[in-house]
Each structure stands twice: as C-alpha cells, then as structure tokens.
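Chains as they are written, first to last, in our numbering: chain A, 1 to 334; chain B, 1001 to 1317.
If you're looking for bench data, these hints aren't it; they were derived computationally from the structure.
Computed from a predicted structure; not experimentally measured.
Check the hints yourself; a few may be wrong.
Unchecked claim - Here are the computed lysine to any residue pairs in the SDA-like style, where the Cα-Cα straight-line distance is at most 25 Å:
1. B:K1075 with A:L150
2. B:K1075 with A:N94
3. B:K1250 with A:S305
4. B:K1075 with B:D1064
5. B:K1075 with A:A95
6. B:K1254 with A:K219
Residues per chain, in single letters:
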Amino acid sequence: MTDTTATQNEAKQGRKLPLHALGPVLALVALIILGASLNSNFLSYGNVTNVLARSAFIGIIAVGMTFVITAGGIDLSVGSMAAFVAGVMILAMNAMIPVLGVGVPLIVAGMGVALLAGIAAGLINGLLIAKVGIEAFIVTLGSMGIYRSLTTWLADGGTLSLNFEARGFYRPVYYDGILGIAWPIIVFALVAILGELAMRKTPFGRHCAALGANEQVAKYSAVKVDRVRMATYVLLGMLVGLATIMYVPRLGSASGSTGVLWELEAIAAVIIGGTVLKGGFGRVWGTVVGVLILSLIDNILNLASIVSPYLNGAIQGVIVILAVVLQREGKSAD
Amino acid sequence: MKRRDIFKGAALGLSLAVAGPALAQDTKVIGVAIPSATHGFMGGLNYHAQASIERLEATYPELDFVLATAGDAGKMVNDIEDMVATRNISALVVLPFESEPLTSPVQAVKEQGIWVTVVDRGLSVEGIEDLYVAGDNTGFGRVAGEYFAENLNEGDNIVVLRGIPTTLDNERVDAFTAAIDGSGINVLDMQHGNWNRDDAFNVMQDFLSKYDDIDAVWAADDDMAVGVLEAISQADRSDEMWVVGGAGMKEIIKRIMDGDPQLPVNVTYPPAQIATAIELTALGLVSDTPVAGRFIIGSQIITPENAEQFYFPDSPF
C-alpha cells in the first residue's frame, strides 16, 4: 500500500464512518435489547453500574492496545503485567504504612508506584521491540511469562493482600464516585475521550497509523518510527498501571490468577471495534464498543441462565465473530 | 588459579559421589514430587510439604528427603527419573500433575521395587501405588449440603458458585445437591466462578441484580467466597445472607474464629494432606508399622468452636 492510497482510504473512511462502524454498534444495541427483554433488572442503575465498572479495567487497557495495534504491534503481556503491577503496588503500600500511615498520602504513593511500575514495564517491552528489534509477539510472549511467574513468586504461591485498614480507606476508589457515577467509569470515559482525541487530532495518532500502514513510507516521511513505536508501549504500560489503580481497591488482593486472559480480551475488543489487526487504522471509540460487547455477553448469560454454563465460552465466541462479520458486510456494501 | 580450584572441586565432587553409595547404605532417601505453587491451594500444599520434611529430618536422622516441584507434567517425569537415577530413593511421594502422562513413569519406579505413595489425583491404572492419600470431594459437597439443609427452612433461596468445569467439581456439586434434596431449599442458580476471586465477584454481582431474595450462598471455595462477600457488601445486602466457602483459607478461618455472622462455617479440603502422605511413608520406612492401603481424609466442618485447630497463620493459604 502506498502513502497516497492510505490517505485516500482514510478520507473515504472519514466520510463513510457511520456505515463502517455500524456492525459493532448494531451488535451492542441488539445485546442491550436482548438483555432488557430477558430480565427486567438488566437496565437497572445497579446492573448498568456493575457492568460499566467491571469493563473499566479491560477498557482502559484496550484503549492503549488500540494504539499499539494501530502502529502494527501487539502486546500479549498486559494481563500478567496488570497482576505484577498490582502485586508490586500492594507490597509497596503495605511497606509504606509505618512511614506514611493510612491516609491520602499512602494512596497517592501507591498510585505513583503503580503508574511508574506500568511505565517501566512498558518501556522494557518498547525498548526490546523498537531499539533491539525483536518481534513484538516474541518479546511480549516472553514478558507475559516473566510477569506471571514473578507475581506468583512475590505472593509465595498464595495471594498478596493489602493491609486491612488501608484497604478500607482505598475501597471508595472503586465503589464510590461523583453524582452516582463510579470512579472506574469516570476514569474509563476520560481515557476513552482523550484516546479518541489523540488518535484523531494529534500528530502522534497519525504517526501510529502511518507506521502501521507502511513503516518504510513513514520513515521517509520523517516520522521518528522507533520513538513512536516505543511510545505506544509506554502509553499502554501506563494505562495498565492506571487500570491496576482501579482494580486493587475492588478486592484488595492480587495473585497468580489475577488478570488471566485480559490480553486476549483487550485485543478482541480492539478488533471488534474496527481497528485493523495488521495495523494502519485504529478507532478508539470502536474499542469502547468492543469492550462493552464483551462484558455485556457475560452479564446477560449470568442474568438469563438460559443455556448450560458449559456453553458460555461458545456463545461468546459466536457473538465476537458475528460482530466482526457484520462490520465486514458494512465495508463491502459501500 | 581459579581454574585449578574448579578442578579441585570436581575431584572432590567425584570422590564424594564414589563414597556416596557407601553412605547411602544407612540413610534412606524419600523423593517428593509435587506441582509448583501456582495458586493458593498449591501454595499451601508446598508449605505443608516443606514443613513436614523439616520436621521428619529432625526426628529421623536416618531419613533424607529430596523435594522437586514441577510446573508441568513433563518436568515432573524428569524430576522423578532424576531421583531414581541419581539419588537412589527408597520411596516416592507424588502428587501427579496429570494422571495420564504420569502413570507409566510412576509404574516404572514401582517396578524397581521402590515404595510409591500417590496423593490427591489418582493414576489412570489402578493398583500401582502402595499407599493412596486423598481428600474427599464427595464429602466436601455433602458436609456443606447437610449444613444448608439443617440451617435453612423450606422455601429458602440459595445460589451456588461452581469451580472450573471438571469431574472434581461435578462430584462436589452432585453430593451437595443430593444432600439438600428433599429439604425444600430452592436453588435459584448455579454458575461457574472458576475458583477465581474476580470471576466470582462478577457472577455474584449478577446474581444480586437478578434475585431480590437470596438467603445463603454456597461459594464452594474460599477464593470465590472472598469475591462473593465483596459483591454482597457492595450491594449492601450483608445482613440478608450467609456464605459458605471451602478448603480452609487462613483469612476465612480467622473470620470464623472471630464469629463473623456472614461466615458461619467452612468445610475442609486440606492442602496439608501432602503432610499426611509424607509422614505415613516415612513411618513405613523407619518402623514396622503397616501403612499400605488407601487413606481418605474426611472433609470436616469448621465452626467458630473448632476453627483454631485449622488456623495456620504461617501458611500462604
């Protein structure tokens, strides 16, 4: 693909955006109608809050993943990274209690540790991929295993738990909010809006797409390819840290089984939302729709219990594929 | 200079290795092969294995132990082969990572005249092991079911969280269902929480949205109980229902000891069963006590009165 056709494509997509994007949105609307017809509590305030708040972890990570995939990369390590960052955050907070006491400084320090740990983890991935030039799949497959077993090692095979009082103080960060909207939902919304703006309106977003579409052309167009690629992984690492900040107050613990398969859910959400897996085009708001579809399926299966729970995975698979198929038809129709 | 040291070391090692078998005439070696500590239960199992080895080594100077933990079945087979080839073990205590791939390697060990103790998961061919030690999955479900039947009234509603879909989970749930059969307890729903805190939290949130009247929850596992309790407290319905977990996680046992009304009892499925297996094997080697056969560790009910004897604050589980 040359640069000109890439621009043409983008212009075309810009004009006909609603048609292209219809697939996942239709799937989402269909799921909402299905859910509402199966159970009257589906649209209740409590259930909507539950679903949105639990989507926030994967959602925040998936926004970062959108940039990585748009730039032609992949990151398989985010689930293990989240578990590791959560473990480090809990250990750090427990260690700082004697110095800082239980209060706002402790929480802020914990958040700082989580963000720094996330950024550092992302930076290591990014350096190995962009500077050393190893395949992203291999680097992140390796770091996936490393972070997972480091977490198990930190927890001595068990579970790392936040100090009881600190947890009580930190708990409102997941469960409370402003005007009845829980914090995780607010943070997820902010991340999504900023992500959408960054993708559409900033040079960084355009550089990601250019890099994913054709690296050579991007290089000749004076895009600092290595720096952009590394930035996508650092951004994703930071967002993993942010997701962890919202995750830890929920149950106050981390173990080797925290965040299992989050990477695949995040990647699936990105692709359902219309981002191209081989890079070159990304749609952040589509990712948000993808995340909501994934968590609604689980929610509806639990609320309805019309099929054997053994089949939950199969139904999820069918809907994921269907959402992408609908989108394809939208594309060929224009 | 350094290189010469290495040679010296090698020579020393060689002479030790030659002298080794002569010493081994008096000491007997027990090999212990278990899965590595990848989750809470196995973490506890590793802890109890190490603790009992430490105790036995102090008690019986004539016994020596070699402990190997494996992250997959292939590594476990290698470990066992190494123990037989290089450590000349007299007995093997093994918790098979998976039944099928471990069956013939363990059979080969047995054919060399080595005592074999199998723990928790059976091998796929019967009659290989001299001693079989395991927890009681049917009892685990039945004891919990009996508590529900005794403490709930006809027409009361419960929800159940199941583990990862496996035969083990089926045995537990079938026994539970049989035990509450005829009591008039209404099982509103059963979903898989996969023995995972986060999954159990999500499933319980959805149960709470779906049902206005729940009297009790069988969470069937203490990790799931943690997620369930958090979801209930979020919905502000803590006074409405109690929760029964299982397996005896130390944090949960502590709350039962303290008389938490939300957690009336717990059912054991002890990771310390590995200690039973190692102790019995050692006893068979050092004395004439007969220890061959099957040893099924009953699933006991933990109440605030007896909780203290199930509380191991140093264990990771």
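Tested hints:
1. B:K1075 with A:L150: holds (19 Å)
2. B:K1075 with A:N94: Status violated; Cα separation ~36 Å.
3. B:K1250 with A:S305: violated (33 Å)
4. B:K1075 with B:D1064: Roughly 22 Å separates the two Cα atoms, so the pair holds.
5. B:K1075 with A:A95: violated (36 Å)
6. B:K1254 with A:K219: The hint is violated at about 61 Å.
Hints 2, 3, 5, 6 from the list above are not met by this structure, while the remaining hints are.
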